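Chemist: Sequence:
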Amino acid sequence: MASTICISISYCFHLIQRKPICSNARTTTVEASLISIFTRKPFCVESPELQELSSKLTPEIVETVLKSFRNWRLAQVFFSWASKQEGYSHSCYTYNALAAVLSNARQIAPLRELAESILISQCLWTPGAFGYFLRCLGSQGLIKEANYLFDQVKISGLCILNCYSYNCLLEVISNSGDVGLLEYRLNEMRDFGCPMDKHSLTPALHCYCSAKMFDKALMVFNELNERGWVDQHVLAILLVSYSKCGEVDMAFELIEWAERNLKITLNEKTLCVLIHGSVNGGNVDKAYLLLRANYGIGLNVSSQADKIVLIKEKPDTTCFQTVMDGLCKADKLDMALELFHDMHRNGCRRSVLLFNNLIYCLSNADRLNECFDLLNKMKETELQPTHFTFNCILGCLCRREDVVGALSLLREMRIRGHEPWIKNYTLLVKKLCEHGKAVEARNFLADMTKEGFLPDMIAYSATIDGFLNINELDQALKLFREICERGYCPDVVAYNTIIKGLCKAKRITEAEDVLNEIFGKGLVPSAVLWFSRMIDKELEPNVITYTTLIDGLCNAGKSDEALNLWTEMEDKGCDTNRIAYMALIHGLCKCRKPDVALVYFQKMEEKEMLPDSYIYRALIDAFAANSNTAMAHEVLEKMIKRGPGS
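Mapping of the sequence shown onto UniProt numbering: residues 1 to 646, in sequence order.
Honestly, the hints are just simulated from the structure, not real lab data. Quantities reported herein were computed from a predicted structural model and do not represent experimental measurements. Be careful, since some hints might not be right.
[What the hints assert, rightly or not] So the derived label-pair ranges between C-beta atoms look like this:
(1) Asp595 x His435: 52 to 58 Å
(2) Arg73 x Asn267: 23 to 29 Å
(3) Asp491 x Asn267: 57 to 63 Å
(4) Gln152 x Gln321: 23 to 29 Å
[Said to hold, decoys possible] Derived lysine to aspartate or glutamate pairs resembling EDC-like cross-links, with alpha carbons at most 16 Å apart:
(5) Lys144 x Glu171
(6) Lys478 x Glu510
(7) Lys641 x Asp612
(8) Lys450 x Glu419
(9) Lys431 x Asp402
(10) Lys500 x Asp456
(11) Lys212 x Glu247
(12) Lys377 x Glu338
All C-beta atoms in this analysis are idealised placements derived from N, C-alpha and C, irrespective of residue type, glycine included.
Turn these sequences into a full structure, and let the hints guide you.
Modeler: Written as structure tokens, this is what we have:
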């Protein structure tokens with residue numbers, strides 16, 4: 001401590017005369033000029049104007065200029081420029097001014113560098129200013145840097161540390177939850193002769209709570225209580241920690257105790273955190289009662305919550321949102337509705353999100369009338385129903401198979417510019433078809449079109465399937481052709497549905513035509529093997545059907561499925577002809593599988609089937625593409641031996 005004692009009395013007097021953290025000097029001409037130069041783009045640090053102003057620099061001027069900058073880079077450049085000017089040295093207040101700028105901008109690396117530069121500069125500090133700098137470091141999580149700086153300043157005597165300095169350091173440590181470091185500093189304080197006051201014990205309480213060491217936290221809390229230091233902030237630290245750890249019962253007991261013994265009320269922030277923790281912990285009933293009691297809603301409720309002193313502020317929408325979400329998830333819609341209406345009666349503004357969440361839950365519970373009641377109340381306010389609002393109600397109508405109601409709502413949606421969700425009207429179509437009402441489903445889609453909405457292909461596919469289920473194949477085909485004529489591009493599902501119906505009706509030729517149409521459009525049935533199994537129940541497919549499928553699969557790059565289908569064809573005793581072999585070989589070559597194709601080529605030869613010349617060329621090209629020139633030459637020789645025309 002010898003170096004600390006040696007600080008000149010005159011300098012100490014100068015520091016005492018200054019304000020604890022920073023000054024509020026009036027802007028002078030010099031300050032205004034500096035601000036103007038450094039905010040000008042571009043500016044030059046070597047300009048004659050700056051050189052002239054450098055001789056007039058004082059810590060007070062630099063502090064004021066730093067505090068005026070909104071850009072942390074400008075502040076850093078100015079600080080660096082000032083530190084290089086002859087005859088000028090930074091004070092603890094200029095360091096704090098830059099630290100505040102960097103901290104607010106969350107610039108951790110520059111703030112760390114600033115802390116390191118303090119020890120190099122040998123700048124003297126007041127305890128208040130040093131405490132402020134430590135807090136800036138702590139706010140950005142620079143706990144180790146704050147501790148190191150504290151020790152180095154103490155050793156070098158750059159600051160006469162006192163209880164306030166230690167309390168600021170404890171506050172920094174408390175945010176990290178490092179109990180070992182906290183207890184080390186507390187013992188150091190005692191050895192230093194600093195008494196444990198409220199500002200020492202409160203960070204200790206926070207640190208123990210952050211580390212979930214509630215036994216030690218309660219010991220500190222009891223000591224604070226014995227000395228009469230428990231206030232709203234201290235109470236909130238323990239309450240919030242209990243809530244975050246799911247100890248809701250402990251939190252409620254503490255609230256009741258504080259109200260009964262200390263007459264302390266909850267502040268808005270603490271209440272919201274406690275309510276959020278209660279809901280997340282599965283105690284939505286307690287959160288509900290706590291919210292109602294604190295805002296004077298339904299005080300006849302008998303519970304722990306109704307004993308808590310009321311908050312005099314208007315209810316916070318976030319708290320209501322949290323509780324109502326919890327009630328809805330717990331299927332307690334009546335309680336959620338009651339709370340929703342209480343919001344209006346108590347002057348709390350209800351949001352679009354609140355309306356939508358309730359309507360969503362009510363629609364899922366098939367409480368349609370209440371959905372419309374909320375929709376009408378929404379219209380009476382300045383809030384505008386969204387596409388989500390209408391689609392929730394539309395979904396309920398569709399689940400009920402209420403065609404008239406759905407169309408009525410669709411008309412209103414069109415007026416308001418909202419699109420219906422595909423899943424909603426498709427569900428209605430499927431439900432109608434399940435009950436044999438394919439005609440009604442088709443008419444509904446036609447009415448949708450008249451209202452200005454173009455139904456998705458999924459809904460049309462479901463309707464086509466509905467016609468097939470009631471053996472109305474011609475109606476299904478008619479609808480299929482109608483939507484094609486209107487410019488729709490049927491998907492694989494629609495094609496598969498039509499193929500299924502045609503095969504069941506033993507109209508194989510038409511099914512093959514549809515297959516050719518699919519492959520012509522570059523589509524591939526997603527369940528061709530299913531198709532072959534399906535038609536097996538009604539009519540054995542012929543070689544033309546199989547060949548068409550195999551060719552289409554190979555064109556789509558699905559050679560393995562094509563080979564499986566070929567094996568199935570042989571197992572069923574379907575005679576494979578020359579056309580079928582050539583389709584398979586050519587397809588395998590396109591899939592770059594000439595080795596497999598050669599096996600079937602050799603089988604053709606064994607059966608004395610003569611391939612067309614394009615089969616030879618396909619094999620040669622495929623082997624060449626696979627760098628198998630030997631096999632390419634072998635096939636070429638066979639082609640030459642075959643003679644002209646090959």
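Chemist: Work down the list of hints and note, for each, if the structure agrees.
Modeler: These are the hints, each one checked on the structure:
| no. | hint | result |
| --- | --- | --- |
| 1 | Asp595 x His435: 52 to 58 Å | holds (55 Å) |
| 2 | Arg73 x Asn267: 23 to 29 Å | violated (38 Å) |
| 3 | Asp491 x Asn267: 57 to 63 Å | holds (58 Å) |
| 4 | Gln152 x Gln321: 23 to 29 Å | violated (49 Å) |
| 5 | Lys144 x Glu171 | holds (13 Å) |
| 6 | Lys478 x Glu510 | holds (14 Å) |
| 7 | Lys641 x Asp612 | holds (14 Å) |
| 8 | Lys450 x Glu419 | holds (14 Å) |
| 9 | Lys431 x Asp402 | holds (11 Å) |
| 10 | Lys500 x Asp456 | violated (21 Å) |
| 11 | Lys212 x Glu247 | holds (11 Å) |
| 12 | Lys377 x Glu338 | holds (15 Å) |
Checked against the numbered hints listed earlier, the structure breaks hints 2, 4, 10; every other hint is satisfied.
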